[in-house]
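Novice: Numbering-wise (this note's numbering), the sequence shown opens with residue 1 and increments by one.
Simulated from the structure, these hints should not be mistaken for lab results. There may be inaccurate statements among the hints.
Quick list of the computed label-pair ranges, beta carbon to beta carbon [stated by the list, open to error]:
no.	residue 1	residue 2	range
1	PRO156	THR99	21 to 29 Å
2	THR52	ILE104	24 to 32 Å
3	PRO123	THR92	36 to 44 Å
4	ASP102	ALA66	19 to 27 Å
Heads up, the beta-carbon is just placed ideally off N, CA and C, and yes, glycines get one too.
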Amino acid sequence: DLVLASPILFRAPGCKAGKGWGLYVHTDAGRWLPATALIGAEGTCEVAAPGTYALLRDTAAPLIAAPVTRTLALPRRIEGMFPVTDEGASLTWSGVRVTWGDGIQRFVMFDPDEDAGVVDLTPWAGKSLEGVFFAVDRAGNRSAALRFRLAVPARPK
1 DLVLASPILF RAPGCKAGKG WGLYVHTDAG RWLPATALIG AEGTCEVAAP
51 GTYALLRDTA APLIAAPVTR TLALPRRIEG MFPVTDEGAS LTWSGVRVTW
101 GDGIQRFVMF DPDEDAGVVD LTPWAGKSLE GVFFAVDRAG NRSAALRFRL
151 AVPARPK
């Protein structure tokens, strides 16, 4: 590991912005995580913390799984849980979307305890809901669209 007295500017002139290149740091758990934002248009990024770094290119799409529902007593509501994982550039939660059968796209809030996106399904209590779920990571990799059907439980009392 290198101890840095001040931030350093990392230059990677051959790495083009928008192609998934980024600077990653090796963690104690043995994983590579994004150390900074992706390489910018000038082929540069800045790091300030000591560590073991590598220039990596993320070409893997996020992994999504079939959604499930959960009912909460307080507050009384029904939630749809949309599991998403990404091993590369990491997710931008604004890139995780659900489109219902009505064609309206909805953002998904992130629940870090569940490692999943969450959507309030209370307005659809007691109904069947169809839709499409997908995720896009910060490198621009898009998951395959997952078509789903959920039987939304009745509203909690």
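Novice: Does the Cβ distance between THR52 and ILE104 fall inside 24 to 32 Å?
Specialist: This hint is violated: roughly 45 Å between Cβ atoms.
Novice: Would you say the C-beta atoms of ASP102 and ALA66 sit inside 19 to 27 Å of each other?
Specialist: 21 Å, holds
Novice: Using the beta carbons of PRO123 and THR92, state whether their distance is inside 36 to 44 Å or not.
Specialist: Since PRO123 and THR92 have Cβ atoms about 26 Å apart, the given range 36 to 44 Å is violated.
Novice: At the C-beta level, are PRO156 and THR99 separated by a distance inside 21 to 29 Å?
Specialist: With a Cβ separation near 26 Å, PRO156 and THR99 satisfy 21 to 29 Å, so the hint holds.
Of the numbered hints listed earlier, those contradicted by the structure are 2, 3.
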